[in-house]
Amino acid sequence: MADVPQNGGYMIAAYIVTPVILVGYLVGLWLRVKKAGGS
Amino acid sequence: MAVARRGLVLSVLAMLALSGVYVLALSHTPIEARQGLAQKIFYLHVPAAWSALLAFSLVGICGALYLWLHDPRLDRFGAASAEVGVAFGAVMLTTGPIWAKPIWGTWWTWDARLTLTLFLFFLFVGYLALRAALHDPGERARFSAVVGILGLLLVPFIHLSVYLFRTLHPQPIVLKPSKPSLPPEMLRTLLVSFVVFTLLYLGLVMLRYGLALIEEAAEEARDG
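These protein sequence lines are chains A and B, in that order.
The opening residue of the first sequence carries number 1 in our numbering; numbering runs sequentially from there.
The opening residue of the second sequence carries number 1 in our numbering; numbering runs sequentially from there.
Pulled out of the complex, with its shape left as it was, chain B reads as follows:
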């Protein structure tokens, strides 16, 4: 319960900090001349994508470590990270089309970055369905570890897809070999948003991890 409560407190604080990101984005960043106000979706879409990819990557890393060490905490963390990643993925996949419509003239296009991202999202929805369908804890942990590792393999392709394929999606402006190509006010707001979304990810994972602990304790009490 303590983990869940700490996760709740951190999540609520991060949500309050998100309102600070809104203030920064709306009143302390310039309006981009070609994209207008729609460009400000960037301060939510990019950090949400970062949190989703961080979450899915950690599921794969925990899966690989679980297959090696057989530590149930790794499986529990992987499950928590996958569920939180799907929530951030939902934010990424809704704010993306809302931004795309006024800029590209279409809600969606089947280019490499968007298609791979959608596949990754569906893969982790499948991961959660798989976990719900399997009742043996060892079997559930092994099978979901393998699916998590497969998801992790997709992440670098998604990051590099804008270089490897012809795509409408813009290339990275922060996570790239050269210096970030953004005016200082925009970069500052984006970095604050990255921190807030990362804290929110941590808070939600702690809360979800705490829920798993409570459910396992209740299950043991029922069985034993």
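With the rest of the complex left out, here is chain A:
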């Protein structure tokens, strides 16, 4: 176990950036629907 690389920070960064992009896109799409006249 001592030989396992300590690189959890990279995993945390990837696990944060993924929902930021996807939720950001989803919210942006929904705002465009509202702006275009969808209720």
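It is possible that part of the hints are untrue.
[Said to hold, decoys possible] Chain B stretches covered by chain A per the calculated footprint, using a threshold of three residues with CB under 8 Å from any CB of chain A:
hint, segment
1, 13–23
2, 26–38
3, 202–208
[To be verified] So the derived label-pair ranges between C-beta atoms look like this:
hint, chain 1, residue 1, chain 2, residue 2, range
4, A, Val-4, B, His-135, 55 to 65 Å
5, B, Arg-73, A, Pro-19, 38 to 48 Å
6, A, Pro-19, B, His-135, 31 to 41 Å
[To be verified] One side of the interface only, derived from the structure: several residues of chain B facing chain A at Cβ under 7 Å:
hint, residue
7, Val-91
8, Thr-94
9, Pro-97
10, Ala-212
11, Ile-214
FYI, nobody ran anything at the bench for these hints, they're computed from the structure.
Ideal Cβ placement from N, Cα and C applies to all residues, glycine included.
Use these hints to put chain B onto chain A, whose structure you have.
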């Protein structure tokens, strides 16, 4: 509006399911001995790449069908799939370097798989720019169908690039002729993530398709 609303519901449900993938990946899969925790980026990077390539492939297929059938629904679907594909492409192209840095010692290398993938991403960013620049619907649909087909031609090269060229990128471990080479817990989590990312792709495409319908209706009301 109904399509957009259904797309929103499916997307939100898929986002909630993504948190389930996080739980599976963080607590039900072993820590890989050589790569450490960074290996768990795999459960997001690979399904994001799958969704992006699925999206871009469908743009090309819809483009070819549009040139044959001239059905505007195919053009609308292609446009929706391209935009969603760019979002998944952004996930793939950010999680990839974040994974590469601790394992390869560099954020980026110009090997065949990475370079072709970046070209494909830029091609579809160009596809979206082309659509925004053209105002005649028929012309926009024809030109973007051709660009979509060109993008589709790149997809098999990207999949096979790890066999055709010397590359740092690992070879496929699931989508290959022989059995997947993964421990069962890892394979199960990866397959769940594939399903979740595919559902998210469907939800986002429905939402984007619904937006196109609303915009077209508003445009017709303005013109007519």
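How the hints compare with the structure:
no., hint, result
1, 13–23, "holds (count 3)"
2, 26–38, "holds (count 7)"
3, 202–208, "holds (count 3)"
4, A/Val-4 / B/His-135: 55 to 65 Å, "57 Å, holds"
5, B/Arg-73 / A/Pro-19: 38 to 48 Å, "31 Å, violated"
6, A/Pro-19 / B/His-135: 31 to 41 Å, "35 Å, holds"
7, Val-91, "5 Å, holds"
8, Thr-94, "5 Å, holds"
9, Pro-97, "10 Å, violated"
10, Ala-212, "9 Å, violated"
11, Ile-214, "5 Å, holds"
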